[in-house]
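K.L.:
Hey, can you piece these two chains together into the complex? The hints should help.
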Amino acid sequence: MTTYEQERVGFFTDTSVCIGCKACEVACKEWNLIPQDGTTWTGESYDNTSELNANTWRHVAFVEQERNGDGLRWLMESDVCKHCTHAACLDVCPTGALFRTEFGTVVVQQDICNGCGYCVPACPFGVLGKREEPKDGRVWKCTLCYDRLKGGHEPACAKACPTNSIQFGPLDELRVRADARLAKLERDGVEGARLYGRDPDDGVGGFGAFFLLLDEPEVYGLPPDPVVSTRHLPQMYRSLAAAAAGIVVGIAAAFVGGRS
Amino acid sequence: MSSYYGRPVIKEPVWTWQIPTYFFTGGLAGASSVLSLGAKLAGNERLSKSALYVGAAADAVSPMLLIADLGRPERFHHMLRVAKATSPMNVGAWILLVSGGASSTAAALELLGRLKPVKLLAETVAALAGPPLATYTGVLVADTAIPVWHEGRHELPWIFGASAAASAGAAACMFVPPAEAGPARRLAVGAVAAEGALMQGMELRLGTTGEVYRRGAAGKLALAAKALAGGGAALLATRGGKSRRSAALGGAMVCAGELCLRWSVFRAGFQSARDPKYTIGPQRARVERAGRSAG
Chain Z
1 MTTYEQERVG FFTDTSVCIG CKACEVACKE WNLIPQDGTT WTGESYDNTS ELNANTWRHV
61 AFVEQERNGD GLRWLMESDV CKHCTHAACL DVCPTGALFR TEFGTVVVQQ DICNGCGYCV
121 PACPFGVLGK REEPKDGRVW KCTLCYDRLK GGHEPACAKA CPTNSIQFGP LDELRVRADA
181 RLAKLERDGV EGARLYGRDP DDGVGGFGAF FLLLDEPEVY GLPPDPVVST RHLPQMYRSL
241 AAAAAGIVVG IAAAFVGGRS
Chain S
1001 MSSYYGRPVI KEPVWTWQIP TYFFTGGLAG ASSVLSLGAK LAGNERLSKS ALYVGAAADA
1061 VSPMLLIADL GRPERFHHML RVAKATSPMN VGAWILLVSG GASSTAAALE LLGRLKPVKL
1121 LAETVAALAG PPLATYTGVL VADTAIPVWH EGRHELPWIF GASAAASAGA AACMFVPPAE
1181 AGPARRLAVG AVAAEGALMQ GMELRLGTTG EVYRRGAAGK LALAAKALAG GGAALLATRG
1241 GKSRRSAALG GAMVCAGELC LRWSVFRAGF QSARDPKYTI GPQRARVERA GRSAG
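Protein chains in written order, with our numbering: chain Z, 1 to 260; chain S, 1001 to 1295.
Bound-form chain S, shown alone (with noise of 0.2 Å):
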């Protein structure tokens, strides 16, 4: 196959550490709110509250990571000058703005003990903008012309839900004393079973674009996180019940598996735009195909 003394055709990211950081305090805070009201409702106000708060503190570390990011870090409320619906990144920063206004009053209202109707309102307002904020940064990624992200668009938004819902369960579970952590441990567990079918059905279905999951930095950090968050959630299923130190441990290992996770998703973007045959073979096939000819 011929490029252009083969150069990229297309651009890596220009991101740097905070996003991929971002990709996974997101998601915890989202699912951590849906958890919190979920406990909520099931009458276990110790889960409620630890999750509600491990959701608060997530919502506000993570628009500190993205402003970070900007190239003009001054210029961070640009991003809500417009209302976008075809770019994912402005629906994005909305839908953080809206959850993480909820969760900070619901949490701070917690703090101070006052105005339980308003702190009411709050979680649910930060239960319903927790879904979409754990899963949209999925199809921010895949919104590119990035192959191994955009072809992954079928399955990328349920690995980034799935990877969310794990790391909420997981870190409940590192803060609940095991007796009332039963959800949390059943939602990590499950969670981390669903993400791991989920990625390989993705890499077997992406072929030769999904090998650069296996190959460099997006390869280590792949096996770094099935086995972080697989040994996590084996500790949480065996022992996490029984032993607060297990549980402890154990959620801190599914923690940071996602961590991993969300980093080998990043680095499988760098890898994918940095060698073109990525970009030209699946393009040059389909060309070939359709029996047209290029351009």
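This is chain Z alone, in the form it adopts within the complex (with noise of 0.2 Å):
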């Protein structure tokens, strides 16, 4: 048995492989138990999930791209949460629901979390969601299968994947792999490849789970330089002390101006 004690783990999506199954979403619910949901038609392509939220932790994007002259070209993106090295979410909870695993991965620890929300609008990249259905109102979001991985398996979607499109393994040797497959491509000339989390220099620290995309980020709903809010967070305190200060000395003020 595989055991991924203090070695940190993620995925490589390499989306140039994605032939768009959706077998990652299906997998995905099936062994984490997630409420059913895509079931309205978006008429934005193949994809009715639309986003990554509570009941949506892998998430296939298909981009239509008309090109000059080229015709059509599909791009297909299994999206999923990042596992940021610095985590707004982790950062923010409130409860300490959140927290980082043995894996290095961040997950929600749904007998803590009280649904406060503060999570969802903390993450740069929209992947927390709090399910609405009656009697939850909690924060959920992919957990890395957590619970396979104490068990020495893959993640469920990573195991389905048929393409190896989203590839599991420590984190290292997955940059090594990335970088490989990166020159792979650029030797067969194919344009616009790139490499999207793999930094550990990037606005939150790498992620744990990165991506190789063949556009720009945005194209498939991605923010081209996420930065966690909390780096900005002894700024903030600062602002914080001195508008206290500025409370004081205004009120003081309005009684010591009365007297003149």
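Everything labelled a hint here was simulated from the structure, so no lab data went into it. Bear in mind that the values here come from a model prediction, so they are computed numbers and not experimental data. Careful, some of the hints might be misleading.
Some, not all, of what chain S presents toward chain Z, calculated at C-beta under 10 Å [unchecked claim]:
1) G1030
2) N1044
3) E1045
4) V1139
5) I1146
6) G1169
7) G1182
8) L1187
9) A1191
10) G1230
11) S1293
C-beta atoms are modelled at their ideal positions from N, C-alpha and C, and glycine is treated no differently.
P.N.:
Listed below in structure tokens is the structure:
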């Protein structure tokens, strides 16, 4: 049995070989017992789940691109929680429900979450959602199949992916593999290929689940330069302290002002 | 600018009406506690007592609003199972606990007319917890991925603080005879002026990101805030010292204006999250300025 203790694991999602089969979405739903959604037709290509949220933890994006002279190009990308090195959701969670596991992933403890919803707008990727079904009210997202990792298995989406577009493994290994894949695509003359979230120096300290994309991130609905909001928290606390002092000074002035 | 079927990149908050209402009541509570102690030190017992009661009442309503907004209200106490500086909401829960405990103790002892030293201690604790209670909510919203909130992080604690001070002064004007409400009047008028200037400055500095304050619900609420708070402050300044009725009306208008201001900031966040151009535009510009590739 493989154990991943003390080694950070993650996903490398190589969109250049994604065929849009949505096996990842289905496997994720089945394994994690996620309520149904995406049952209405959006008219947005083959995408009916539209976004990551409480009930969609893998979301396959379908982009139909008309390229001058080249006809139609179809881009598909299986999106997922990025399991950021510096995770805003984890930082702002007031209850400690969100935590960093021994695998380096970010998970919500469902017996702790009280549904305050702070992580929802804190995430720079819009990953987390509040489950509105009766008697839930908590926030849910990808756990990178924490229970499966504990048992030495790979996450359900990676297991189900028929083209190896979703690769699971130790993050260091995945980065080496991704670099090699990008180099190969560049040698083959594929234009626009790039790694997204591989760089540990980016605004969230690198993703635990990163991607190979074939166009700019925003084409897939991803932010081009995400930054963890808590990076500026010391600055914000300084503003708070100054403004708090301002209240005291202002009120003191209101009393002194009357005497002159 | 490209985006994925025009869909938002980030999520709108899931917070409902209780949250902006709490921004108002929490601010009112915090600034009232300071005003109360200030009045006590200045020897103005009448003003001190009124502000104490207003503060305690607002402090009592605040946690109810917050708990009602939770997806799992019965788990509200999970907020206090950790002390976590990286979470402004957790820090705020602790501040509110201290402030609410202190102000309700002080108000109860005032009503009973007993234990003077304990009451003074409680008033002092409430006055210490008050300023951070009134300003942390600005940090709470700023510490998110929502562009108009995060980019407004320098001004928001100040704006919320000024709005809190204005509402505390205005509320006191409603309950205290004009002759003894001088400091409260000056506070309300000065804070409304300060907050107006700060809002204007923030909007200007934010450029495109700040345009949500001129659009949709946030725009209407911002206008209502300016009209109500400005009109109320003008009334307080001109007639608030003479007429009890004018003082009550002016105070109520300023309070309503401050409530609108919190709602305007709240709705602006939703509008800012909903349109992907506000998320993608500044990030794309940053990438291009730095001459690197995205991601």
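K.L.:
All the hints need checking, so say for each whether the structure fits it.
P.N.:
Hint by hint, here is what the structure shows:
With a least beta-carbon distance of about 8 Å to chain Z, the hint placing G1030 (chain S) at the interface is held under the 10 Å criterion. At its closest, the beta carbon of N1044 (chain S) sits 8 Å from a beta carbon of chain Z; the interface hint therefore holds under the 10 Å criterion. Taking 10 Å as the C-beta contact cut-off toward chain Z, the hint placing E1045 (chain S) at the interface is violated, the least distance being around 14 Å. Given the 10 Å rule on beta carbons, the hint for V1139 (chain S) holds: about 5 Å separates it from the nearest Cβ of chain Z.
Interface hint at I1146 (chain S): satisfied, since its Cβ lies 5 Å from the closest Cβ of chain Z, which is below the 10 Å cut-off. At about 7 Å, the closest approach between the beta carbon of G1169 (chain S) and any beta carbon in chain Z falls short of 10 Å, and the interface hint on this residue holds. At a threshold of 10 Å, the smallest CB-CB gap from G1182 (chain S) to chain Z is about 5 Å, leaving the interface hint in force. With 10 Å as the threshold, the beta carbon of L1187 (chain S) comes within range of chain Z, its nearest partner Cβ sitting at about 4 Å, so the hint holds.
Of the supplied interface hints, the one on A1191 (chain S) holds, with its beta-carbon coming within about 6 Å of a beta-carbon of chain Z, less than 10 Å. A hinted interface residue such as G1230 (chain S) counts as satisfied when its beta carbon comes closer than 10 Å to some beta carbon of chain Z; here the least separation is about 18 Å, so the hint is violated. The beta carbon of S1293 (chain S) comes within 6 Å of a beta carbon in chain Z, closer than 10 Å, and the hint placing it at the interface holds.
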